[in-house]
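Please arrange chains B and C on chain A, whose structure you already have, making use of the hints.
Read off the chains here:
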Amino acid sequence: MSVELLEPLAAEMGLGLTAEQVERVYRDIDQKRRSTRYLHLSARLVGEVEEVPA
Amino acid sequence: MTPPARLGPHVLDIDCAAEAERIATWMVNAVGGTLHRRGVIIAMSGGVDSSVCAALAVRALGTKKVYGLLLPERDSSHKSADRGVLVADHLGVTYELQDIAPALQAIGCYRQRDEAIRVVFPAYADDWKCKIAIAGGAKGGINFFKLIVQSPDGQLQEARLPIREYLQIVAATNHKQRIRKTVEYYHADRLNYAVIGTPNRLEYDQGFFVKNGDGAADIKPIAHLFKTQIYALARHLGLPDEVCNAVPTTDTYSLVQGQDEFYFALPYQQMDIALWAHNHAVPASETATALGITEEYTRFIYADIEAKRRTTHYLHARPLLVEPVAEIGD
Amino acid sequence: MQDFKTPLRKFIEDNFMMGSNGPVFTDADSFMERRIIDSTGFLELVLFLEETWGVTVDDDDMVPENLDSLDHLQSYLSRKLHP
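Chains as they are written, first to last, in the numbering used here: chain A, 1 to 54; chain B, 1 to 330; chain C, 1 to 83.
If you are wondering where the hints come from, they were derived from the structure by calculation, not from laboratory data.
Any given hint could turn out to be false.
With a Cα cut of at most 20 angstroms, we get these calculated SDA-like pairs of lysine to any residue [as the list claims (entries may be wrong)]:
1. K146/B to F208/B
2. K32/A to K211/B
3. K146/B to I179/B
4. K146/B to E50/C
5. K211/B to L41/A
6. K80/C to F25/C
7. K146/B to T40/C
8. K211/B to R178/B
9. K211/B to A43/A
10. K32/A to R37/B
11. K308/B to K32/A
12. K139/B to M32/C
13. K211/B to V52/A
14. K146/B to K5/C
Bound-form chain A, shown alone (with noise of 0.2 angstroms):
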């Protein structure tokens, strides 16, 4: 969502923040997905083990 919507938007919903400050959660969001992604992977294997369904 571009920067310009974001500053009402987040008026509207009564956060008190700024539209900036909604970029920088936004942020946070996605790097916390990758830092613990690794937290819903399964076990990694070297060779696919074809009877097992992955």
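Below, chains B and C alone, put in the same frame as chain A:
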């Protein structure tokens, strides 16, 4: 897959040097690249699987990035910890020994197990020994489990386990694998390391692991290898003879229990070939000849392999969601 | 002749099929082949037989010919209870 020209132990031959190199390269990429961890935790039971994983980790990452854990408990064989130390010293890895018996005691593992045993054998006491063995299916019957106990005077008794007592004994015993994994992840968290899981192909394929116990890990470097191949790697990697020559046991019950008594239909050398043959659509008659068993028993083993895949599929499954959370892809 | 099939069908539907929304099975269908009951399930079934009708299922009785369909169970229980 098309059946081979002739079935025999040679179908499991691997180029150990090439395979060790492949796994080492993979491990560097998995640990550093995919998982962004600084090293690996390896729980070392003294058995060939964990010993080979430790040796491969040292080869891949160096001794400074491998942290070993020896986690014996009340029913562990003394030989296990001794062999674990032998391997750790041989490889030059830093390790820590933590007796998990107090933790298991506190969580009720031994009490809950013994409670169930005493439903069947009321005289069972702390100085007795026990194990579970599977029966029935191999003779064309329906599988059930026998509880075998040994009193201090050496006398053995056995009886069929009713379902409630069987499930309670297994559930209580599963604490062992889960507590070990809890300790492994404590060290992984404090060191920012990845945890190695050590199932071999037969165990991984056939669901011979505890969910969120020894089944939990960040990397499983030997899950694609048959036990026979892992022993070959152990010799290639120069691991001590005691490890290369040890017979696999579960090391979970106070009476020595072979994996083929409790779970698999054959000793590992034959089970590896049976699994390989089944995966390659080798007719039962040919496998029977190669293994020196009857064709009827081979057909039972093939059916048992498929049955175990079905019934243990849930051990591999990720939690089921009502609907996908799109932002969390796999 | 005592009807064992009706309570057995209800037990199987309630415990292994989460109610009667699971696959339909006939009295002759093999539980193993239709994958209605797995190995742990047979042990639960044995407990149900023992607790409901007071029979003792011996180790040697643990065979498909006695336990692996409603028809087989009807015959088995009839022999055990009305020899």
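Right, here's what the structure says about each hint:
{"no.": "1", "hint": "K146/B to F208/B", "in the structure": "holds, 18 angstroms"}
{"no.": "2", "hint": "K32/A to K211/B", "in the structure": "violated, 27 angstroms"}
{"no.": "3", "hint": "K146/B to I179/B", "in the structure": "violated, 26 angstroms"}
{"no.": "4", "hint": "K146/B to E50/C", "in the structure": "holds, 18 angstroms"}
{"no.": "5", "hint": "K211/B to L41/A", "in the structure": "holds, 15 angstroms"}
{"no.": "6", "hint": "K80/C to F25/C", "in the structure": "violated, 25 angstroms"}
{"no.": "7", "hint": "K146/B to T40/C", "in the structure": "holds, 13 angstroms"}
{"no.": "8", "hint": "K211/B to R178/B", "in the structure": "holds, 8 angstroms"}
{"no.": "9", "hint": "K211/B to A43/A", "in the structure": "holds, 13 angstroms"}
{"no.": "10", "hint": "K32/A to R37/B", "in the structure": "holds, 16 angstroms"}
{"no.": "11", "hint": "K308/B to K32/A", "in the structure": "violated, 38 angstroms"}
{"no.": "12", "hint": "K139/B to M32/C", "in the structure": "holds, 16 angstroms"}
{"no.": "13", "hint": "K211/B to V52/A", "in the structure": "holds, 15 angstroms"}
{"no.": "14", "hint": "K146/B to K5/C", "in the structure": "violated, 29 angstroms"}
Against the hints set out earlier in the document, violations occur for numbers 2, 3, 6, 11 and 14.
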